[in-house]
Structures are given as structure tokens and as C-alpha cells.
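Q: Residue numbers (my numbering), protein chains in the order written: chain A, 1 to 244; chain B, 1 to 377.
Worth double-checking, as some hints may not be accurate.
Stated by the list, open to error - With a Cα cut of at most 30 Å, we get these calculated BS3-like pairs of lysine-lysine:
1) B:LYS309 / B:LYS165
2) B:LYS309 / B:LYS367
3) B:LYS228 / B:LYS165
4) B:LYS192 / A:LYS108
5) A:LYS113 / A:LYS126
6) A:LYS17 / B:LYS192
7) B:LYS309 / A:LYS133
8) A:LYS108 / A:LYS126
9) A:LYS113 / A:LYS133
These are calculated hints, taken from the structure and not from any lab test. Keep in mind it's a predicted model, so treat the numbers as computed, not measured.
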Amino acid sequence: MSEAIVRLESINKWFGKLHVLRNVNLEIFPREVLVLIGPSGSGKSTLLRTINMLEEPTEGRVFFEGQELTDIHTNLNAARTRMGMVFQSFNLFPHRTVTGNITLALEKVLGLKGEEAQQRALEQLKHVGLADKAGAWPSQLSGGQQQRVAIARALAMHPVVMLFDEVTSALDPELVNEVLLVMQRLAAEGMTMVVVTHEMGFAREVGTRLIFMDQGVILEEGPPREVFANPRQERTKSFLSQIL
Amino acid sequence: MTITAAPQAPPERGIRYFAAQQTPWSWVTLGIGILALVVLFAGTVAILNAYGWTQVCPPDAPQGTCAPTDPLTEGLLSPELGALAWAVIGIGAVAGLLALLRARIVPNKQAKEAAIAGAVIGIQAAVLAGVLLWFRSAGVELFARNFLNIRLLGDFFPRFVNGAKNTLILSFLGGGLGMILGLFLALFSMSKRPVVRAPARIYINFFRGTPLIWQLSFAGLGVVTAMKLDFFSGIDGPYRVAVAVLALNLAAYSAEVYRAGIQSLERGQMEAARSLGLSYLQAMRFVVVPQAIRRVIPPLTNEFVILIKDTSLVVVLGLAFSQKELLGVGREIYSSTFNATAWLGSAAGYLIITLPMIRLVTYLERKLRSGLTSVVG
Ligand SMILES: Nc1ncnc2c1ncn2[C@@H]1O[C@H](COP(=O)(O)OP(=O)(O)OP(=O)(O)O)[C@@H](O)[C@H]1O
Ligand SMILES: [Mg+2]
């Protein structure tokens, strides 16, 4: 197997006295679609956010493309341009147009010229099927469209890994599919993805590896179909029986 | 059978509907109430006008025999005005009685509202007329002479204009500098590093915790007298001290406003920006602050209105003659003429400046409540 893009070594995280991640080790390889599931409060979001250091682990080391992010000499901003993240609540910038949302980091971080940034923004909007919304304000879009813009915004940076945190949880049921379809196509194109989700259909069909977390510990891991068919742990079994 | 419910326009509920719902009685009640108020104001102005507001006293008039306000005093004490006041009380009482007697038998809500409005307006007019009668029974002559010498306001009008100009200069210079400084203070006061945060907090608490008049006095004494800084000395010195202290003071207040605005943004905005590789400062500059600014415009304008009034405290600095602001001008005219009408001139000046600003705050608040995009787009 090739070199891991992301490696987490003995990660421990406390919020105050609350032990949220307990000695987690994890490697993520190119072209993987890693799906994270588990009950609410089990630490999935915290684990995901540790990968791009939005949460700093209390103990342990985070590596990205061979570089240690937990080393204080590392330029985190530069590393983050190569990791895209999409949030449950979209987090589009309401004071900028759809295009303005995408070009901000292209211009201010990557230093692209205005024309070039616009070009790249439009390219990504086409990719998520929203080229006609380029000049719209975020508040004029439906939840599903906003989330697709958020995905386009992350993809425009040309990241090597994409992190998704329950990106369909805030959507009305009829809008979930349009977002999942974009993610499915992204996976088919070979993007490395880490996906926290409650969409078990997506996990089964698109995921290449499934991780079940509970109380800050990775309890079970394997190909999604296998885990769904025969969970080895009691806790996985009861979680799956509740959710499926 | 099909059940259809095609959308319909809402029923008309404007002024025409209101009028159509009235009964003769409700019309009469409303009319009498309004009549009382109109008679009171129009009648008073007409009577006072007939007697005259001011007069010019000959320079050789013996002491105490002629005052500029004598015609006004005469008008106020005239039997015509007394009769008018009693008449208004009568009309107002009629409106109130009518409403009371007919209240139970009005046919609908609109008619009831009209009758109540008529009664309330009538009673308000009657009360004002009562105050006028009471006022006539007191020392009208002395009051008119000291507080209602309108000629004085006319004579000193250019001075008041100059005072208003200085009030505006102090407000806009102090306010502008203070709001810029306040933004940086706010950013420092939210730092996760205690060594950055602590000085900002101490500054803010000091300036919010001590009276502005103390700050001005202390700066005026300490800086101008003791420290002999060139910039703050000389004829323009006190004026510069005033601007500087007003700015430093407003910085503390606006910093708290900015902080509240920034903290009211969802955490996700900062996180989304950082996840794209923007540095903390870039995220602040391009994502957080532009959004926060829109939210803090109404409370910041509010602080500005307070600052306009607080510029009056610079009287403690002893500004030069041409540099005096509205209150200083009023105070000086008072001390040279011993006539308190000058104070009214100052108040009028402040109201002319602040009332539009207060309207602006209300307008901005309403506009901002209708959503962020209406301001952006
Ligand atoms: N910033 C924070 N400060 C304090 N506690 C936190 C913070 N963020 C998360 N927690 C706590 O850490 C635990 C794990 O949170 P996390 O968001 O990672 O769970 P999750 O698995 O993503 O849950 P969910 O499915 O509800 O999103 C929870 O108990 C949560 O309350
Ligand atoms: Mg979560």
C-alpha cells in the first residue's frame, strides 16, 4: 500500500475534564473514502477537526503529507489549503456572493489574480451544477445549493483530501440527494475523503472503509458491507440496529 | 363537488375603511377633541402675536421700567388668554363626556377607537389649558424676562451657529478617531493571549469606569499644565486635548460594541475561513469584521449620539472664545447677559443635531432586522 496522506498517532483530547478522544490511531490513504459513524457525542467531529487542526489535540501527533502539523514550526495555513472541509451548517460567508465565497481564499491565500480566480470559481460551480448561481447571494439559495457551493469553495483550492462533517444533517430530506450525488461523483473521480455521516446508504455504497466510534474510541473498522453485515462488537450491533 | 380556495387579496383596512365604519356620534366626539387642541394652540399663538413677543427698549429707559419681554408678559396675562383656556377646558370636557356616555353603544371597533381618540385628545388639551392657567397665576413677568427673551436668541444667532459647528467638529473628530481605535482595542481584548488581552481590558475598564468630566479635567491639567507637550499647548491646546480625550473615551465604549458584534457571529464563520487557509488576521479582516461592522452600526450610532451630548463636558477645559461648543456658548451668553434664554438656544442646537441621528438609529435597526442581505445587496 502507498504512503498515508494523513496519520494520527496516539491522539488524546480533553475538553476540560471530558476525555473526548482516547488514544486514537488512524491512517488515511490516497483515494480512500473513509466513513466515520457512531452515536452523538462519541467524538467524530472532534476527530475530523483534529485532522486539519481546527481542534488541537491535547496529546499525540498529527501528520499530513509527511509533515507534522502538531509541530509548532509547521505553517498550518499552508497545510490547510491542501485540505478541504465542509460543515454541517454550510458556513458560507453571507456578505459575499457565491463567486466571492470561492475567490476569497484563491486570491488572498493562493495569490491568484482576479480573472484567474473567477475562472476557477466558475469551473468548480459547473462541477457542482450551480454555474447559473455565480452572482447570487448565499441567502438566496436553498440549503442543498448552499452546501454544494461550500463544497465548490473547498474544491477550488485543489485539496488532496476532503473532510465532510454531517454535511446533509441540516438539510430538508428532499435536498439530501443532490449533495450526496456530488460527493459520490467526487469519490468516483478518486478524491480522498473522510466523511462523518448518518447516511448509511451512502456509507455502504460509496465508502471504502468504515470506522465505528464510541466514547472517543475506534471500536470497529472494516469494509462497510462487512461491518454492516456482521458487526463484531455488541455496541456496533446495537447502534446499527437502531439506525438501520 | 370540488373545494377550491383561490388566493384572495386581503380586505381593505386603510383610512377609508376606518372612515366608513364611523357613526355620527363617533365623528362628533373625534371632531370636538381635535377642535379643543387646535383652538388651544392656534388661539394662544394668535393672542400672543396680537400683543407682540418682544419690544426694543430705548437705551435711556430708566432701570426696571422697560423689558424686551413686556409685550409677551402682557399677552400671557391678558383676559383673552384666560377666557381661551377656560373655553378649551370646556370643549375638552365635552369630548370626554361624549365618549363616556356613548362608549357602550358604539357599533364597532373603529367607531370606538375614534371616540376614544377624540376623548383623549380633548382631555390632553384641557390639561394643557389648565397648566396655562396655573402658569398665569405664578410669576409670569419674571419668567418671561429670564427665559423667553427670543430677541436674545436672534441677536446671538451667529454665536450659536459657531457653537454648533464646534460641537460637530468635536463629535466627528473624536468619534471617528475613537471608533478606529476601538476596533483595534476590541480585537486585542478578544485575544487568547492574556498578555495582549489584559492591557486592553484595563484600558477599557478604566475609561468606562471613570467619569468623562474627570478624564477631561485630568488631561487638561496634567497634559497641558504639567507635561508641556507642544501639540497640546498654546491657544489650540485645550481643543486638541478635548478631541483626544473624547476619542480615547469613545474608543473604550465602541470596543465593547465591536466585541459584542464580533462575538455574535457564529463560530463557523471563523472556522470556515481558517479551514481554507486564511490566517487569523486575514479571517478577521475579510470575513469576521465586515459582517460584524454591519451588525454594530446601530449601537455604534447610538454611542455617537451620546458622544454628541457629552462634548458639552469640554467646558471644563476652558476653550478659547471661537472654539466654544453649544453649551459653552450658552453658558457664556448667560454670564454676559444674565438671561437664561441662552440655555434654550443650546438645547435647541443639540436637538437639531441629535434628533435626525436618533431617527437614523431607528431606521438602521429596522433595516438590519429584515436580514443581512438587504444591507449587503
Ligand atoms: N468546544 C468544545 N468544548 C467543550 N466540549 C466540547 C466541545 N466540542 C465538543 N465537545 C464535547 O465533546 C464531545 C464530543 O463531541 P463531538 O462533536 O466530537 O461529537 P460527535 O460525535 O461529532 O457528535 P454529533 O453526532 O452529535 O455531532 C461531546 O460530549 C461534546 O459535548
Ligand atoms: Mg458532530
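Q: Is the Cα-Cα distance between B:LYS309 and B:LYS165 30 Å or less?
A: Holds, at about 14 Å.
Q: Run the distance test for B:LYS192 versus A:LYS108: straight-line Cα separation, threshold 30 Å.
A: 24 Å, holds
Q: Is it true that the CA of A:LYS108 sits at most 30 Å from the CA of A:LYS126?
A: 22 Å, holds
Q: Given the proposed pairing of A:LYS113 with A:LYS133, does the C-alpha separation stay at or below 30 Å?
A: This hinted pair holds, its Cα atoms lying about 22 Å apart.
Q: Next pair to validate is B:LYS309 with B:LYS367; report whether the Cα-Cα distance is within 30 Å.
A: 25 Å, holds
Q: Is it true that the CA of A:LYS17 sits at most 30 Å from the CA of B:LYS192?
A: Judged against 30 Å, a Cα distance of about 20 Å means the pair holds.
Q: Does the alpha-carbon distance linking B:LYS309 and A:LYS133 stay inside the 30 Å limit?
A: Measuring from Cα to Cα gives roughly 48 Å; hence the hint is violated.
Q: Decide if the proposed pair is consistent with the structure: A:LYS113 and A:LYS126, CA atoms, cutoff 30 Å inclusive.
A: Roughly 20 Å separates the two Cα atoms, so the pair holds.
Q: Is the hinted pair B:LYS228 and B:LYS165 satisfied, with a Cα-Cα distance of at most 30 Å?
A: 28 Å, holds
The structure shown violates just one earlier hint, number 7.
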